[in-house]
Each structure stands twice: as structure tokens, then as C-alpha cells.
Amino acid sequence: MREFTFHRAASVADLPAGATIIAGGTNLLDLMKLEVIAPEALVDITRLPLDRVEPEGEGLRIGALVRNSDLAAHPTVRRDYPVLSRALLAGASGQLRNMATTGGNLMQRTRCPYFYDRRMACNKRDPGAGCAAIGGVTRNHAILGASDHCIATYPGDMAVALRALDAVVEIDGPSPRRVPLADFHLLPGDTPHVETVLQPGEIITAVILPAPVGGQQRYRKVRDRASYAFALVSVAAVVGMDGGRISHAALAFGGVAHKPWRDPEVESLLLGREPSDALFHEAAEILLRPAQAHGENAFKIPLLRRALMATLRDATGMETTA
Amino acid sequence: MTRHLRVDGPTHDDRLDQMAQGVIGQPLNRLEGPLKVSGRATYAAEARPRDLAYGVLVQAAIPAGTVLDIGDAPGALAVIQDKRMIRYAAQGLDQKGPTSGPDRVEYMGQSIALVVAETFEAARHAAQTIAVRYKPEEVPVDPESVTPELPPKKQSAAGDVDKAMREAAFALDRVWRTPSQMAAAMEPHAAIAEWDGDHVTIRAALQMLSSNRKQMADALGIRESKLRLLSPYVGGGFGSKLGINAEAVAAAIAARELGRPVMVAMTRQQVFDLAHRRSETRQRIRLACDAGGRLTGIGHDVLVSTLPGSEFTEPVAQATPFTYQAAHRQVVHAVARIHRGCAGSVRAPGEAVGVTVFECAMDELADMAGIDPVDLRLKNIPDVEPTTGRPFSSHKLAEALREGAKRFGWSDRRPTGQRAEGEWFIGMGMAAAVRVNMLQESRARVTLVQDGHAIVETDMTDIGTGTYTILGQLAAEMLGLPPDRVEVRLGDTQFPPASGSGGSFGAASSGNSVFLACEEIRGQIAKAMGCNEADLTLQDGMARAGNIVRSLSELVNGTITGEGHLQPGKTEKSHRQATWGSHWAEVAVNRWTGEVRVRRMMGVFACGRVLNEKTARSQCLGGMSFGIGIALTEALEHDPRDGHAVSRDLAEYHIPTHADVPALEVHFLPERDAYVGPLQAKGLGELGICGAGAAVLNAIHNACGVRVRELPATPDKIIAGMDP
Chain A
15 MREFTFHRAA
25 SVADLPAGAT
35 IIAGGTNLLD
45 LMKLEVIAPE
55 ALVDITRLPL
65 DRVEPEGEGL
75 RIGALVRNSD
85 LAAHPTVRRD
95 YPVLSRALLA
105 GASGQLRNMA
115 TTGGNLMQRT
125 RCPYFYDRRM
135 ACNKRDPGAG
145 CAAIGGVTRN
155 HAILGASDHC
165 IATYPGDMAV
175 ALRALDAVVE
185 IDGPSPRRVP
195 LADFHLLPGD
205 TPHVETVLQP
215 GEIITAVILP
225 APVGGQQRYR
235 KVRDRASYAF
245 ALVSVAAVVG
255 MDGGRISHAA
265 LAFGGVAHKP
275 WRDPEVESLL
285 LGREPSDALF
295 HEAAEILLRP
305 AQAHGENAFK
315 IPLLRRALMA
325 TLRDATGMET
335 TA
Chain B
610 MTRHLRVDGP
620 THDDRLDQMA
630 QGVIGQPLNR
640 LEGPLKVSGR
650 ATYAAEARPR
660 DLAYGVLVQA
670 AIPAGTVLDI
680 GDAPGALAVI
690 QDKRMIRYAA
700 QGLDQKGPTS
710 GPDRVEYMGQ
720 SIALVVAETF
730 EAARHAAQTI
740 AVRYKPEEVP
750 VDPESVTPEL
760 PPKKQSAAGD
770 VDKAMREAAF
780 ALDRVWRTPS
790 QMAAAMEPHA
800 AIAEWDGDHV
810 TIRAALQMLS
820 SNRKQMADAL
830 GIRESKLRLL
840 SPYVGGGFGS
850 KLGINAEAVA
860 AAIAARELGR
870 PVMVAMTRQQ
880 VFDLAHRRSE
890 TRQRIRLACD
900 AGGRLTGIGH
910 DVLVSTLPGS
920 EFTEPVAQAT
930 PFTYQAAHRQ
940 VVHAVARIHR
950 GCAGSVRAPG
960 EAVGVTVFEC
970 AMDELADMAG
980 IDPVDLRLKN
990 IPDVEPTTGR
1000 PFSSHKLAEA
1010 LREGAKRFGW
1020 SDRRPTGQRA
1030 EGEWFIGMGM
1040 AAAVRVNMLQ
1050 ESRARVTLVQ
1060 DGHAIVETDM
1070 TDIGTGTYTI
1080 LGQLAAEMLG
1090 LPPDRVEVRL
1100 GDTQFPPASG
1110 SGGSFGAASS
1120 GNSVFLACEE
1130 IRGQIAKAMG
1140 CNEADLTLQD
1150 GMARAGNIVR
1160 SLSELVNGTI
1170 TGEGHLQPGK
1180 TEKSHRQATW
1190 GSHWAEVAVN
1200 RWTGEVRVRR
1210 MMGVFACGRV
1220 LNEKTARSQC
1230 LGGMSFGIGI
1240 ALTEALEHDP
1250 RDGHAVSRDL
1260 AEYHIPTHAD
1270 VPALEVHFLP
1280 ERDAYVGPLQ
1290 AKGLGELGIC
1300 GAGAAVLNAI
1310 HNACGVRVRE
1320 LPATPDKIIA
1330 GMDP
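Those protein sequence lines, which keep their order, are chains A and B.
The first sequence runs 15 to 336 under the numbering used here.
The second sequence runs 610 to 1333 under the numbering used here.
Hint data in this document are derived by calculation from the structure and do not stem from the laboratory.
Values in this document were obtained by computation on a predicted structure and should not be read as measured data.
Cβ coordinates follow ideal geometry from the N, Cα and C atoms, glycine included.
Accuracy of the hints is not assured; some may be wrong.
If you want the footprint, here are the derived chain B segments under chain A, 3+ residues with CB under 8 Å [what the hints assert, rightly or not]:
#1 612 to 621
#2 732 to 741
#3 925 to 939
#4 1202 to 1215
#5 1323 to 1331
Far from chain B, some chain A residues (derived; all Cβ distances over 12 Å) [as the list claims (entries may be wrong)]:
#6 ALA23
#7 PRO30
#8 THR34
#9 ASP44
#10 ASP131
#11 HIS163
#12 LEU201
#13 PRO224
#14 HIS295
#15 GLN306
#16 GLU310
#17 THR335
Chain A extracted, bound-state conformation (with noise of 0.2 Å):
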């Protein structure tokens, strides 16, 4: 670990020029430790007044620094949106949830391991350097919009929920704004180490979420063991029925992208239908038209053509039995 300085944060408007922001930790630690990243400066943002939840119009505003295990228990979050607290609470591990924010988690980095690996190249870490992982070990790698200079993905599971609930991010700066999530994480293009719309001195304040739209929600992860594992695919499901036809349907993928991915073209396909094995087919090929496997992760097509089906005949009360 390089040296730095460390500054407590008295206000939003006390974040000193070009320093790192540090929340719970969790991931930003990690890295610095293996010098992934080595930031001169960090500021600790805790004692900042951003960790309440509250009612935002008909909706709820999820301070930045509410922990992962408060805002998955929170009795409004169960109640309105499922699909949340049970995405949050398949991620990490307890300690992890008990230490990592709702601001920190959507700015997770990728747990690609050339990533993490100083001796590989990697465009995240060294820009134009290469990438690594294309040829190599890929089994948690993107499937869909990913390009030739980085096929890494976004690993959380609490913004995949987030995505189909249509969150809005509050961002605090020279220009207070806010970006629909939908906007905040980019594909990796050309350049992988733009991983967000951040700019340098802003600041996640807060995550606004819609007035509930209840429906059936689903939060389905799939992993290579019960627990402490990332997601090979995932899917968040907010699924509305109205005589026997599916009324809303919003649902975004986790695991196979840069970033919580979601597809309008499936959504429409289902609005007005009712729900069938074929018409659900016919989403997950829409879905995985651009799907393209690099080696090893060439299962997460079928896998999450498999997830999908299963989450769309449980979300429209279809049988899902064996």
C-alpha cells in the first residue's frame, strides 16, 4: 500500500480536490492493498449526514451512506420493494453488508482477476495496456455489451435491483444532479477505466427510488456456491399481472455486463401477453441476440436463458416445479 493522507469530511462541501472517497471500505481497501489503485489523498465521508431513509414524494430516498444490512431490513424496502432487500442480502457476506454503503456499492469495482493481478495487463488499470482476460481465465466475464479492450463485469447485485426499479442516482458537485441508474454505469468501449458518469469532485448523496409499482419481485442469483459468491448470472424481476396478461414487466440482468443490464425490446415484448413458455423463449432470445461468449463463460448464454425462464413462470405465477 502506497502512503497517503486521510481527511475526515465535515460537509459535502469539504471533499478536498482530487481525493478518493472512502465509505465503508469494503472493496476500496482490497485494492489499494494490492496497489490496483493507490490514491494520494482519501476522504472519509462517514460522519456525513447521508444515511437516513426517507419518503421522497410517493417514493424513497436511500441516503448514500445507509449500509447494505440497514436498507435490506428496512421495513419500507420489504415492504414496497422485495425485489431490493433480497438482492442485497445475496450479496457480500454479513460483515460485508454490515460495513458497505448504498453510494460505495454502486461504485464496486469488477472482481475480474486480471483486474486485481498487477502483472497482467489490463485497460481498467493501465489504459491501453491491454487486456488480459481475453484469452484467459473468463468464467465471470461479460456475455453482453462488452468490447475488444475489456470484457469485465459489474459484480453487485444490490444495483441489479436497483435497475429494475428505476432508481435515480442524486450527485452532488460543482452541478448538484441526478442520473436515472439506468445512465450512471457505462459499457466498457474503448475506455474500460471510465467505469461511471462520476465526475472528479462529485459525490453520491443519495439513491432516489420511484413510487412502488408493487407486482410480483424476484431477485434470482445464481453462483457457484450458497453463499459469499458472485453472481455467473443473476436477474431482478418487478412483474405486474392484470387479467392473466402481464401488465408491467421490468427486468435487469446482473453478472453478464458491465453494468445491470436491461432490454426494453424484452419488457415490450411481454406487456399485454399472457405469460407461456414460448413467449418466454422468445424474450430470452431477444434478450441474448447479442450475446457473445468469450471461452469459458459461454454457459452464462444458456444459463441465464435458463434463469430467465424460471423467473418469469415464478413471477407470473406459472409452475416452476421440477
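Position chain B against the provided structure of chain A, taking the given hints into account.
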């Protein structure tokens, strides 16, 4: 006085059963448990001698070649590249240091130098960023890309397996693959070295101190008498601390050079690079049987890998020659010399993957022949070791199978794919458990003090297995003392040299030496009582012979010391010694995602005398959990281009979590094995893993009809065999 015993024949008198204290076998809590859970047990990296400096290993960034030069490390105390530094860890029981010379690189991540600084953080920064120039070489890293060696001593054949296959009523010929696996002990490897003149003391995380001392003295070029090793507490070993590793050698060299104590602790990632891996295996199994399910041919062709020049190779087919009967048999053991990091002993080397795969093959054969898997095994249990005609020291496989089937409810098992709950297919599977048994030379000293307490001293280690407790129990039983009146001192080479912890031989080997030392003391007490030792009863600090009763404080003038020395002897050759058992698993397989959840699991084990029912059970729980890991989750992945370990932390190397392990059930079959020394106890630590994964994999097949032959059975491999 030292009482020596070479185990040349059977011990039929159940001496321990005749003792009066009644503590041996009891499920006593671990003696050092309170120290561990309250943080007072100091592990290797937790001592803080004055003026301690911190070293971090510099690692090679190429798979093979020569180190030309290493740059400066501004802010560091020293950059040390010493020709005595070792390239990889010593193997268990090695009597010499491993290959030295850090300027030659044999695998990616190899230790090539040490940076020492005033803080760990500064040393790590320097080690991670120091400039190194290499002359790289092209080397093979894929075991299937090279022509393997066929060491003549490791091949065996009798009859003609090909012919047996041709003439069989049922013949199975399949290939399985298991990936590299790591011990992944909780405590990373660490050492603190401190010199006093020409004498060095090293606190280290090691399993076998007496051979570690020989290895270390050889590596450093000093006399053994100038070297003291301390490993009173070790946070798990599982084979990864059998031999000295780069950190301890480097710490000793640096401490000498800097004239101050130096600690070198591996980071978690370094443990995955530098500790021995279990070799990946390719196993072709051929089984031929007649219409009644009697085996006529057994073939086990194995391909494993390790570095060029390294002697240890995973003994995959170790149990194949004696587990089942068949007239025609062949073992092929091929070794690929590649540059993936050194292979060594990891959690039951051999049987952990060999029995697991073999027992999957037996399940497939049972399926093919339409015979119940339990019956197939029962039909093929040999009376004597098939390849040599030697008798077994004991044989409990049939009993373990029958007992397990009854306890687990095997008769409720449905045909393949016939049981489901919600979106989960449910299935049951079983496997035999077998592991070779070994004894190693071991010495201990026991001192009985006049005030009625005793001290046990041996350089044996307790790597979390319960050695402190069982040795204390043994001395308490033999000397008639309450267990809290026995102090056990371990993990210090100033004590008599013991077997160390490895190969499941620790408890029986060191236990027998304590038994012998206590017999010596009992002899002296008997003399003071004027009776034969056989007529002496010791209980609660009192000695009794006939109608004479005296307290130990009357009989012991100051102290009585006895030493025990156990050596393996003729029974090692005259009898096939092994431990036996059976594994049972019920799993759920998700119809959509291929996820597997183990719902219940049971093991029935026979290991001779059980010394402490609780610590023995705990060992089996750990072994069975590792079995779940082998079956479902664990794989050290290697980069296909340079062979480096990719999954190199505990988030990516998936040992089973609590959520992966259901409540496990363990049953012991009562047994006294006469051919393994007066304790009549055999090794247990590894038996629980041997075959456990097969029960899980066979249950997956019973649930959903999918056979996974490339381990671990992760969701991708399950869905590949499922209907869309």
C-alpha cells in the same frame, strides 16, 4: 529412562481399556480452546520481539527463466536475494531443504527476493513495485500438452484388463478430471526469525517440526543444534505446512543480515501462489464385471503434474490396489512435468481425489449392471489384499456400508429422476471411504510431579486437530489423573522429536509415544509400590495394588520422568493397514439453474480406537465439508498461457461456506486395531474426505440423471446435461 517400541507384531491386550481414570475416548473440549477464542494463543505472526522488521517476498512475474537484476526499493531497509532462498516448499518428511537459488524462476509467482522495511505496508509496497529484469523462457503449463513420464515403480499390472473388459457382462470405461486444489488454511504462512549469536529461533507455521528443522538447517547451511523452531499454535495446515516454505528461510536470512528480528508473512494471494497445490488429475477408470456384479477387471490410469525435478506426485491410485477384488488389474501413473507451481500434499493426497473418482465409477457400473450401489461394493470386498495376498490389519468396509445404509435410510432411495420438491430434484448417493494408515517415528517425554500433576513434552504440533487434548487425555488415563492435572507442551524443537502432523499419522504416532512414556512412569511407580505394573491401578492421584493404597505424592520423590519412543515396524509390511467407512448424501438439484444443495450427509467411520469422540468427530466434519468442496465448489484455476494461479483469494477460491454444508452426521464403529501399536488407534483426519465428494456426485445423478466427470460440479456442468 526411555521405553522403546517398534511395532513388529500385534497388541491384543487392550491396555487402555484396563485403566481406571476413564477419560480416554471421552468428548472433552479442546484444552487450548479458551486461549484461541480469546486471542491469547499466539500464532506465528503474532509475536512482537523488540525492533522487529517486516519482510515481504518479491514474486516472479514470468513462468520460467532467469532473474537478471532486481532494482532498488527506496524506503526499504534491504532487498535480499540470497542463493540459499528456496524456490518452492519442502515436501512432508523431506530430510533436506528444497531446491534453492531464487535467480532461476520455475513458475509464475515464485519467490525471487525479499524486501525488508520498518512496516509491513512499506515492505509490501516495495515488493509489489520493485523493478525486475528477466530472461524469460517458453515452458509448458498444460499437463496434457507434454509427453508424460511413467515412473516404473509407480506402474502395476496383473492379468489382462483389456481382455477382462472384452469378456465382461458389463464394462465401464470413462475419463474424469479434477482441478488443482489448495489447502486454503485460515492462517497464512508466516515466520519470525531472531538470531542470538550463531543460534536462530524461528516462530513459524509448520506441521512437522523435527523434519522441518532438518530442512531448515540444510537450507540455511547451519547445524541443527543451532536452530530452534516454535509452532505452538498453527491455524490449519491440511498439508500446506508440512515442509518449510520460502517465508521462513527468507526471514532467517534477513534477520541474520540485518541483525534484528524479521517477520515474513505471506499475503493471502501469496499463499495461493507459493503453497503446494494438489495436482489436477485426469483419471481413466475401467471396470469390468460379470452378470452378478463381481468385478473381473480394474484399470486406473492417472495423469498428474508437477514441476520438473520435484519428487512428490499425487498418489491418486493409492487405494485402488486393495479396495476391491478383481483378477485383472492395472494402475498407470503418468507425470507431466509442467510449470504450474509445485504440487504437494493437500488434504488426503491420493484418496481425496482418487477414491472420489473411483467411487463415482462404481456408481456408474452399478447403474449399468442394474445392481444397488451398496450391493455392488459388498460383492467385491476382498478377504486379503488382492495384489499381495497380505492380510488386512482390520477390515470394516462391509460393516460401514451396512450400518450406513440402515442409519441413512438408503432403502428409501428412488430410481434416478423420480423425486422432486418444488423446483428441486432430490437424490441420494453413497460411496465407500478408504484411506491408507501410517505410523511415523515419534518421541515424547512425560514428567510426573510430586504434587500430582504431569507434564507432556514433545515437538508434536496441534494444527487445530486436538493434539493437545488427546495427549493430555492419554497421560491422564495412564497416570490416573484428572485431565486438568496434565499440562501439554507442544510445538518446540527443544522437546523430544515427534512425528508431526501429517498423513493422519499424528495422533497415533505421538499418542503411542506418550503411552510408552507413561508406561515407563507406571513401571517406576509399581516398583515403589512393590507390585507388577500390570497389577497397578492409578486413579485420581492414588495408586492401588491389591489392598495397598498410596497417594502419588507419597510415591513420587520430586519428579518421575519417562520417555517414550515409537517406531513403525514389521506390521507396516506384514499387514495392509487402512481405515474404512462409508459416505451418504442427499442433494437437491435445481431444475432450472443446475445449482446443487446438499440437504443431509452422513459418514460412518472405523479408525481403530477413538481417543476423543469430540475432536475425532470434528475432524470428520471438516473432511466431509472438504468432500463437498471437491464435489461442488473448489478449483484453483490456472491461466492457460502462463499457468499462474488465477483464483487466488478466499472470495474466488470457493471453499464451502456454512450455507453449503448442512448438518453432518458422523458415526464411529467401535474398533481396536491390534497391528498399529498399543494405542490400537489409527489415523482419522483424512478419512472423512476420501470418497465424500463421490456420495454427493452420485446423489446428483440419482436426483437428475446428470453425471459430472469434470469436477467441480458447478451449475454450468449440471445444465449442460439437463433438458433445456
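Checked hints:
Coverage of the region 612 to 621 of chain B by chain A is violated [criterion: at least 3 residues with CB-CB distance below 8 Å; count 0]. Coverage of the region 732 to 741 of chain B by chain A holds. Counting CB-CB distances below 8 Å, 4 residues qualify, and the rule asks for three or more. With 0 residues bearing a CB less than 8 Å from a CB of chain A, the region 925 to 939 of chain B misses the requirement of three and the coverage assertion fails. Counting residues of the region 1202 to 1215 of chain B whose beta carbon lies closer than 8 Å to any beta carbon of chain A gives 4, which meets the minimum of three for the stated coverage.
Chain A is given as covering the region 1323 to 1331 of chain B, and this holds because 5 residues of the stretch bring a CB closer than 8 Å to a CB of that chain, at least three being needed. Distance check for ALA23 (chain A) against chain B: the nearest CB is about 24 Å away, which clears 12 Å, and the non-interface claim stands. For PRO30 (chain A), the non-interface assignment is confirmed: its Cβ lies about 22 Å from the closest Cβ of chain B, beyond the 12 Å cut-off. The beta carbon of THR34 (chain A) sits about 17 Å from the closest Cβ of chain B, which is more than 12 Å, so the claim that it is off the interface holds.
Consistency note on ASP44 (chain A): stated as away from chain B, yet its beta-carbon is not over 12 Å from all of that chain's, at 9 Å minimum. Distance to chain B contradicts ASP131 (chain A) as a non-interface residue, since its nearest Cβ pair spans about 8 Å, not more than 12 Å. Its beta-carbon lying about 19 Å from the closest one in chain B, HIS163 (chain A) satisfies the requirement of being farther than 12 Å from that chain. Distance check on LEU201 (chain A): its Cβ is at least 24 Å (rounded) from any Cβ of chain B, clearing the 12 Å threshold; non-interface status holds.
Even its closest Cβ contact with chain B, about 30 Å, leaves PRO224 (chain A) beyond 12 Å, as expected for a residue assigned away from the interface. Taking the minimum C-beta to C-beta distance to chain B, about 9 Å, the non-interface status of HIS295 (chain A) is violated against the 12 Å cut. Residue-level check passed: GLN306 (chain A) sits 17 Å from the nearest beta carbon of chain B, beyond 12 Å. A Cβ of chain B approaches the Cβ of GLU310 (chain A) within 12 Å, the least distance being about 9 Å, so the stated non-interface status is violated.
With a least CB separation of 6 Å from chain B, THR335 (chain A) falls inside the 12 Å interface cut-off, contrary to its annotation.
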